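Participant: Listed below, chain by chain, are the residues.
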Amino acid sequence: MIEVNRQGEVWIYAEQEAGKLSDVPMELLSKGRELADQLHVPLAAVLLGKNVSDLAGQLVLHGADKVYLAEDPALAHYQTASYTKVICDLITYRKPQICLFGATPMGRDLAPTIASCMRCGLTADCTDLEIGEHTEPSTKEHLTNLLLQIRPAFGGNIIATIVNPHRWPQMATVREGVMRMSTPTPGRSGVTVRCPVNLAGMTLPVEVLESHRRPKKVNLKGARIIVAGGAGVGSRENFRQIWDLANILGGAVGGSRAAVDLGYVDHDHQIGQTGTTVRPALYIACGLSGAVQHRAGMQESAKILAINNDKDAPIFGIAHYGIVGDLNEVVPRMIKAIRSGASIEKAAAATKA
Amino acid sequence: MGYNCVVCVKQVPDTKRITGQAMKEDGTVNRAALPAVFNPEDLNALEAALRVRDEHGGKVTVITMGLPAACDVLRDSLFRGADAVALITDRRAAASDTLATSYILACAVKKLQPDLVFCGRQAIDGDTAQVGPQLAEKIGFTLVTYLEDLKLEGRSAVARRNVGNGYEMVRARLPALFTVVESANHPRPHALKRAMKCKKSCAPVEIAKAVDTATPKATPEAKAEETKRRCAELAAKGLLLTQWNLDDLQADLSWCGGAGSPTKVHRIQSIVLAGGAYKEFPPTENGVNRLLGELIEDHTIG
Chain A
0 MIEVNRQGEV
10 WIYAEQEAGK
20 LSDVPMELLS
30 KGRELADQLH
40 VPLAAVLLGK
50 NVSDLAGQLV
60 LHGADKVYLA
70 EDPALAHYQT
80 ASYTKVICDL
90 ITYRKPQICL
100 FGATPMGRDL
110 APTIASCMRC
120 GLTADCTDLE
130 IGEHTEPSTK
140 EHLTNLLLQI
150 RPAFGGNIIA
160 TIVNPHRWPQ
170 MATVREGVMR
180 MSTPTPGRSG
190 VTVRCPVNLA
200 GMTLPVEVLE
210 SHRRPKKVNL
220 KGARIIVAGG
230 AGVGSRENFR
240 QIWDLANILG
250 GAVGGSRAAV
260 DLGYVDHDHQ
270 IGQTGTTVRP
280 ALYIACGLSG
290 AVQHRAGMQE
300 SAKILAINND
310 KDAPIFGIAH
320 YGIVGDLNEV
330 VPRMIKAIRS
340 GASIEKAAAA
350 TKA
Chain B
0 MGYNCVVCVK
10 QVPDTKRITG
20 QAMKEDGTVN
30 RAALPAVFNP
40 EDLNALEAAL
50 RVRDEHGGKV
60 TVITMGLPAA
70 CDVLRDSLFR
80 GADAVALITD
90 RRAAASDTLA
100 TSYILACAVK
110 KLQPDLVFCG
120 RQAIDGDTAQ
130 VGPQLAEKIG
140 FTLVTYLEDL
150 KLEGRSAVAR
160 RNVGNGYEMV
170 RARLPALFTV
180 VESANHPRPH
190 ALKRAMKCKK
200 SCAPVEIAKA
210 VDTATPKATP
220 EAKAEETKRR
230 CAELAAKGLL
240 LTQWNLDDLQ
250 ADLSWCGGAG
260 SPTKVHRIQS
270 IVLAGGAYKE
280 FPPTENGVNR
290 LLGELIEDHT
300 IG
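For the protein sequence lines, the chains are A and B, in the order given.
Residue numbers 0 to 352, in numbering that gives the first Met the number 0, belong to the letters of the first sequence in order.
Residue numbers 0 to 301, in numbering that gives the first Met the number 0, belong to the letters of the second sequence in order.
Watch out, some of these pointers could steer you wrong.
[As the list claims (entries may be wrong)] Here are the simulated distance ranges between beta carbons:
no.: 1; chain 1: B; residue 1: Thr283; chain 2: A; residue 2: His39; range: 53 to 63 Å
no.: 2; chain 1: A; residue 1: Arg5; chain 2: B; residue 2: Ala231; range: 42 to 52 Å
no.: 3; chain 1: A; residue 1: Leu142; chain 2: B; residue 2: Thr241; range: 38 to 48 Å
no.: 4; chain 1: B; residue 1: Gly153; chain 2: A; residue 2: Arg118; range: 26 to 36 Å
no.: 5; chain 1: B; residue 1: Ser182; chain 2: A; residue 2: Ile334; range: 29 to 39 Å
no.: 6; chain 1: A; residue 1: Asp311; chain 2: B; residue 2: Pro219; range: 49 to 59 Å
no.: 7; chain 1: B; residue 1: Gly1; chain 2: A; residue 2: Cys87; range: 43 to 53 Å
no.: 8; chain 1: A; residue 1: Cys87; chain 2: B; residue 2: Glu232; range: 44 to 54 Å
no.: 9; chain 1: B; residue 1: Pro188; chain 2: A; residue 2: Leu198; range: 25 to 35 Å
no.: 10; chain 1: B; residue 1: Ala32; chain 2: A; residue 2: Arg187; range: 53 to 63 Å
no.: 11; chain 1: A; residue 1: Leu198; chain 2: B; residue 2: Thr241; range: 51 to 61 Å
no.: 12; chain 1: A; residue 1: Glu236; chain 2: B; residue 2: Glu181; range: 50 to 60 Å
Quick caveat, the hints were computed from the structure, so don't treat them as lab data.
Being a predicted model, the structure only gives us computed values, none of them experimental.
Virtual Cβ for every residue (Gly too), placed ideally from N, Cα, C.
If we strip away everything but chain B, and leave its shape as in the complex, we get:
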């Protein structure tokens, strides 16, 4: 039968590996120093979509909204088996909160007209888990959060949801959007053949940057000409990644970026942990006994 699937993925700084080097002296985060990774639960979302295609046929398209560097996660998706990808990139999308982001993604999803959309439950930088549900609301798809297992039967899906203190089995009417949790599956690795085939794929914006770096002194016209030439060459080999800006998506700019974001940052404070004054005890038997003695005396321990 075949289902047309779209997977929304995000490239995120690896917030789980924030070490001393990643924090600057004033306590702010040095994003440039952080490696960028494929948001972990988005890999589970991609895997869920690929399993649907493996079982039922159809197509898996992976989209991401981000800076040109986000092409890395698109290539990664191709290596794991995605059929097509698209980069949404536009300076005017900067400073988008979850509402503006879900609006922009909705514009892209509407272009692709899928039966199913898969998102990771949440991204490790924002940690809000809001984009999935908000995207579902905007495209009018049935929302099924915390997906662990999925079976499709025609225009309905039977899903197991992890609801925290247990699980639920639901039947959901298609089209549907699923937010996928880590416990759902083990993301498949890169397939060597696909990696070999797709590793040279690039988006126009990456090519433009490469041309600029290679011939910095060339005129803008010459650079544009060369970029166009290289893009055509890649396109002929099926290696040109689709790239859309907000105009390609017919997005209403008042809904994008900072202008389209109801939430604003009032203040950021870095966590600077001042050394506390704690009462230290040596790890010896005597030290332990004295500590316990104190805790018993003030009735902390009965």
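One chain only, chain A, in its complex shape:
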């Protein structure tokens, strides 16, 4: 580990694949900016790869004061050993106080390996990060300006706040979509620091033979309206009406983890702590109980309409509108009503009269 360095910077890992930055670094930059400003230290992005220097500009526009750039042919494709070595060398030399990674497949491979190598603490899948204080229960030592790492635990039934008082850097991973995407500031300036890549004597233990990645079929994060189905929908065939309602509203289709696990809808549509986090203008939850891991992925929606025949379903706890009833009756009624706009106008007029 490195010693506690109160002048240490806040770092975010700029994950890139085939020369393109994913959304996650921009989300980490917005939270990183907040933390760095509170601690009065610079915010830096760490970028590894081959021929990726043009990405540094994007990172600066989105809030990075510095970009630590490590380029080498050996870094063209991600693998654990080489990326870990380069980043650990950088951490040892520069002594940041906080390092944030996306909780993506790459992040969940890389971050724990770095933490093990640096012998420091890492908290996975944080849903929030704050700067705060902590008192050690045994020694009563009082510490300020620590990173409070907040996450659901125990199957999502509790919220835990974790701290790393002494074994720095403080590391955390954050799922995609949990933090808001930062907006670029035109003309923002920053500095690119080229870092030495010392992989001498290392024979890379992994060779990537083939890579088959497909772009996501659905853009949930960008959808203004989402119609989501849960286990209550009952079958893949019955999920058809969720699609129909989404289509007629011009919205996207989502599913709870349960619905995905049951095969009612594909994984790309999963919303929740282990899926995508969304903030649409309208979220319609059909036959979806609203377990805490699901709520974590949609509770900031501007308007939530819950349709469920269980009036005690947790989803009603965060809904703005609710219909306690059978989705197999309600959803077709909604579709029919939207198709024939006339009946909606009549009802609206009647309420006003």
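Once you have looked at the hints, place chain B on chain A.
Facilitator: Only chain B this time, still in chain A's reference frame:
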């Protein structure tokens, strides 16, 4: 050729089945009320190891770090075909975070000197997916995460990894550690013959507890004597489960338990969902129309 495989497994509370009974009135979790299960992805890890042995020969040893009750998952592993098991149990390991846990497991793995280590991708209680990668780093094995398919050729492995938005084929140099995902395989069930053979197997700590329960008023010496006797009896039949504490593993205690854990819990809050005030509409045609009318009027729906 044969590969020596170690599988790391965990007994976890069944967090997928948390019902009203499992949550106490103050909103905290009543762990004692939760059934303990074999961590699901660890079953996939065990299956992956057994397939390697079936195809290439070798040995599969399953280890777990936990309370004595974790012997259940070790017996379960024997029933499914593991050749040997070991329980790592020690009060001083309590409160270990992933770093301390991976250190303790590394001590055990180094004792066993395997070619391959298999772990489930993540446990359903911690959900961190950190122990596998951290264990790999400590033992210096090549890490291959999200394993779905594996072919071994001498000292190299060709693996298919599920990388979320697709898959990757990689060649990895042995020794290697794999974290295995649910989509990799279907865990084989118990084999009746093995279950019959191994069901009476116990670890020394379980025997000591049984002796204590059977003869609560006996002296400590008498209990120890009886425990030793029963252990020897089981060992003679090959039914004594291996048990290690931190001293058996030559573990540095400053790396174990709370002392060895850089992460500390600052606070736990239970999720208590206060009833929200939502605007209710009846499920009737009229109710639906009025609701939609409102949403159209405030331009939520175009």
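Participant: Does each hint hold? Answer for all of them.
Facilitator: Do the hints match the structure? See the list:
no., hint, in the structure
1, Thr283/B x His39/A: 53 to 63 Å, "holds, 59 Å"
2, Arg5/A x Ala231/B: 42 to 52 Å, "violated, 59 Å"
3, Leu142/A x Thr241/B: 38 to 48 Å, "holds, 42 Å"
4, Gly153/B x Arg118/A: 26 to 36 Å, "holds, 34 Å"
5, Ser182/B x Ile334/A: 29 to 39 Å, "holds, 34 Å"
6, Asp311/A x Pro219/B: 49 to 59 Å, "holds, 52 Å"
7, Gly1/B x Cys87/A: 43 to 53 Å, "violated, 35 Å"
8, Cys87/A x Glu232/B: 44 to 54 Å, "holds, 51 Å"
9, Pro188/B x Leu198/A: 25 to 35 Å, "violated, 46 Å"
10, Ala32/B x Arg187/A: 53 to 63 Å, "holds, 54 Å"
11, Leu198/A x Thr241/B: 51 to 61 Å, "violated, 40 Å"
12, Glu236/A x Glu181/B: 50 to 60 Å, "violated, 24 Å"
In this structure, the earlier hints numbered 2, 7, 9, 11 and 12 are contradicted, and the remaining ones agree with it.
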